[in-house]
Amino acid sequence: MQSNVLHHPSVPKRRMGGQMSLWQRISELYRFRDLLYYLVVRELKARYKGSLLGFLWTLVNPLLMMAVFTAVFTIITPNTTVPKYPAFLLCGLLPWNFFSAGVMTSIGSVVGNSNLVKKVYFPREVLPIASVLAQLVNFLLALVVLFGLLFVFQSDISPYVYLLPIIILIQTIFVTGLALFLSAVNVYYRDTMMIMDVVILAWFFLTPIFYPLQILPQSYEVLGFTLNIHRLMYILNPMASIINAYRDLLYLGTYTEIDFLLRTAVTSLVVLVFGYWLFTRVSGNFGEEV
Amino acid sequence: MFTSAKDKMTDQLDDPLLDVRNVSKRFRLHSEQQRSFQEIFVNFFQRKRYSSSKEFWALRDVSFQVRPGESLGIIGPNGSGKSTLLKLLAGILEPTTGEIVVNGRISALLELGAGFHPDLTGRENIFLNGTLYGLSRQEMQKQMESIIEFSELNEFIDVPIKHYSSGMYVRLGFSVAIHTEPDLLLVDEVLAVGDANFQHKCMDAIQRYRQRGGTILLVSHDLGSIESICDRAIWYEHGRVQAFGHPTDVVMQYLNNVAEKEEAVRSAAGKSRSVDQLAEGQRWGTGRVEIIDVKLCDAEGIERSIFLTGAPMQIRLYYRADKPIEDPIFGIALHHHNGTWVAGPNTDFGDLSIPRVEGEGEVVYHIPKLSLLAGGYSISVAAVNRSDTEMYDYHDRAYQFRVHTGNTRERYGVVTLGGQWTTDQKPTPRPNPRPARAVPVEKVAQV
Chain A
1 MQSNVLHHPS
11 VPKRRMGGQM
21 SLWQRISELY
31 RFRDLLYYLV
41 VRELKARYKG
51 SLLGFLWTLV
61 NPLLMMAVFT
71 AVFTIITPNT
81 TVPKYPAFLL
91 CGLLPWNFFS
101 AGVMTSIGSV
111 VGNSNLVKKV
121 YFPREVLPIA
131 SVLAQLVNFL
141 LALVVLFGLL
151 FVFQSDISPY
161 VYLLPIIILI
171 QTIFVTGLAL
181 FLSAVNVYYR
191 DTMMIMDVVI
201 LAWFFLTPIF
211 YPLQILPQSY
221 EVLGFTLNIH
231 RLMYILNPMA
241 SIINAYRDLL
251 YLGTYTEIDF
261 LLRTAVTSLV
271 VLVFGYWLFT
281 RVSGNFGEEV
Chain B
291 MFTSAKDKMT
301 DQLDDPLLDV
311 RNVSKRFRLH
321 SEQQRSFQEI
331 FVNFFQRKRY
341 SSSKEFWALR
351 DVSFQVRPGE
361 SLGIIGPNGS
371 GKSTLLKLLA
381 GILEPTTGEI
391 VVNGRISALL
401 ELGAGFHPDL
411 TGRENIFLNG
421 TLYGLSRQEM
431 QKQMESIIEF
441 SELNEFIDVP
451 IKHYSSGMYV
461 RLGFSVAIHT
471 EPDLLLVDEV
481 LAVGDANFQH
491 KCMDAIQRYR
501 QRGGTILLVS
511 HDLGSIESIC
521 DRAIWYEHGR
531 VQAFGHPTDV
541 VMQYLNNVAE
551 KEEAVRSAAG
561 KSRSVDQLAE
571 GQRWGTGRVE
581 IIDVKLCDAE
591 GIERSIFLTG
601 APMQIRLYYR
611 ADKPIEDPIF
621 GIALHHHNGT
631 WVAGPNTDFG
641 DLSIPRVEGE
651 GEVVYHIPKL
661 SLLAGGYSIS
671 VAAVNRSDTE
681 MYDYHDRAYQ
691 FRVHTGNTRE
701 RYGVVTLGGQ
711 WTTDQKPTPR
721 PNPRPARAVP
731 VEKVAQV
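Quick mapping for you: the protein sequence lines, in order, are chains A and B. Going by the working numbering, the residue at position 224 of the first sequence is 224; the numbering climbs one at a time, nothing skipped. Going by the working numbering, the residue at position 182 of the second sequence is 472; the numbering climbs one at a time, nothing skipped.
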């Protein structure tokens, strides 16, 4: 308390009651960036306090799942064996875990921090974003181990692997958009969490994670319409596209089509903008709703 | 009353730190609000969809400004919307209509240690809490030593705070909040926590913060601290501003109103503390002299339950003796609600000799200037024989009253001793003599 200067020129004039402009909101979010950092640290520390393996669980879990799926998949479909199946699976499973954990932990982030939301002012979007970022950190750590395993399985890592950060960024944008949207909805309808439990499970099976897309029929006839399943999958399911991109780079060792990636990026951005828009529209009432 | 003050203020050059413009806040009381899809589904078939929400205006059209360096106190009864106002100012709630402009950083001491995480150490929580107030890591790093020192947690600072006592928790919370160096500090009753020693330290820190030019907005039931900290006060009730101005005046007006309402409730309920209603064990004695009624009155003999420090008071005892009794002594015991026995006057000490009582009669204890300080007190009454061998009647702590701060500024302990201070230095008049009161104390009791 040594300073005599009490005026903080860095703090912008804040206007409550009138809607904040988008730019004001973003600069407010930037002002609270260190809070974001500590919330991520808190989330990571709190999760692994008291567990023996600590953050290693992030790695053990997919490895165990890999073992299970490898066993099951090779028993169910012995004919269409995918070469280097463990590597194939992990390339899909790890990004999927980031997605599902990011969505599921962030849904309850606003409601779960009601003690903060009711007592302190801060941009509420920090909460779901922190949840997503904590999962991103987990994912990045898991990626390190994934590279080790890919080396063991002699997977074909693409020369275009430098595109990986872009894919991770696109996925993070997509997850953040969903997180903002769902965490806001969950404040008003607490069933969101239960519903999403089921949705995520269905989504998992509808996304080619433990099976290659090729085992699905190319086309399917419904009410006289011929549907191109493969095309529909990529159009309707951004996660399919994203996981496809991961596989291109880490498993098939090919180039990932840029126009395809671009379309996924645009979809993710639209989700983010919509999620952020909805979140900021209702976040002013969180203080009395949680 | 409010606009005139505001107009005067807008002439000044300084920008207000806080500008509250016609703010109203409506809550929907949704006792039946659909919280889940299941309820919506059920209610859809019961056709109750729009029946539920009732409206409640916690604040209506509130406007005021706070300038840098000022300290404003807000008083009002429970449920008057004070906390809502603080939450609006802190940005936790949004006003339904109107606008609040804040020109600086606000820290709100709404709940000390909000956002502490039990698994993190004290040090980590300082960072977390500080950034929650919008500070950067570097700023917190600079303040770290000072925060730890203030909280007196040196040896425990790297221990997870789930091992802290509640006192340590609060100390750390206050320490962080006061060190965030806000332009405007919102305080809601939090000074009532911690031990006396730490409360003193908090008060001290707040005074130093003020001296550095800090601005405070204090909401409290402790009218004494409002008077000692603030230079302006608002009395806020029924969603509206009832009075505004010098804290002493506002507090006085507020107390008058409280007293009036309490009296009204009491007279509406009739005589509530009838002697017959004394609990088992609260009354004993042979009953040869019975105390049939006790009245606490002001100078005019009107019954009251609230008295002001420095104002007159009468305690009237009504007795009945079916057979004549020689030389009885009537007495009173006065206890503070914290258990302290403050005084025990009786007719013997007062050199009033009553040779004989028969039938009904009255004994009165006159207090010209009540020297009790603010608080709750209870009175016991007794009738006993001269040799103190026979208790005729005893009512143990059966009659309650409250004392509110009157003309005095004293607020420590239970009584004011009424002494005078002198010095061998040449005395100078006080730089800021208090303005004359709007309501003289003598008149208060009549309101």
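Worth flagging that the hints you see were computed from the coordinates, not collected in a lab. Misleading hints may appear alongside valid ones.
Per the computed footprint, the stretches of chain A lying under chain B, defined by three or more beta-carbons under 8 Å from a beta-carbon of chain B, are [said to hold, decoys possible]:
#1 42-49
#2 119-129
#3 198-211
#4 276-289
Negatives, chain B to chain A, calculated, CB over 10 Å [what the hints assert, rightly or not]:
#5 His407
#6 Glu414
#7 Phe417
#8 Thr421
#9 Tyr423
#10 Arg427
Owing to the predicted nature of the structure, the values given are computational and were not obtained by experimental measurement. Think of the CB as a built atom: it goes at the ideal place given N, C-alpha and C, for glycine as much as any other residue.
Structure-based check of all given hints:
1. 42-49: Contact hint for the region 42-49 of chain A vs chain B: holds, 4 residues under 8 Å.
2. 119-129: holds (count 4)
3. 198-211: violated (count 0)
4. 276-289: holds (count 4)
5. His407: Violated, because the least Cβ-Cβ distance between His407/B and chain A comes to about 5 Å, which does not exceed 10 Å.
6. Glu414: violated, 8 Å
7. Phe417: violated, 6 Å
8. Thr421: violated, 4 Å
9. Tyr423: violated, 7 Å
10. Arg427: Non-interface label fails for Arg427/B: nearest chain A Cβ at 5 Å, not farther than 10 Å.
Hint compliance for this structure: hints 3, 5, 6, 7, 8, 9, 10 are not met, and every other hint is.
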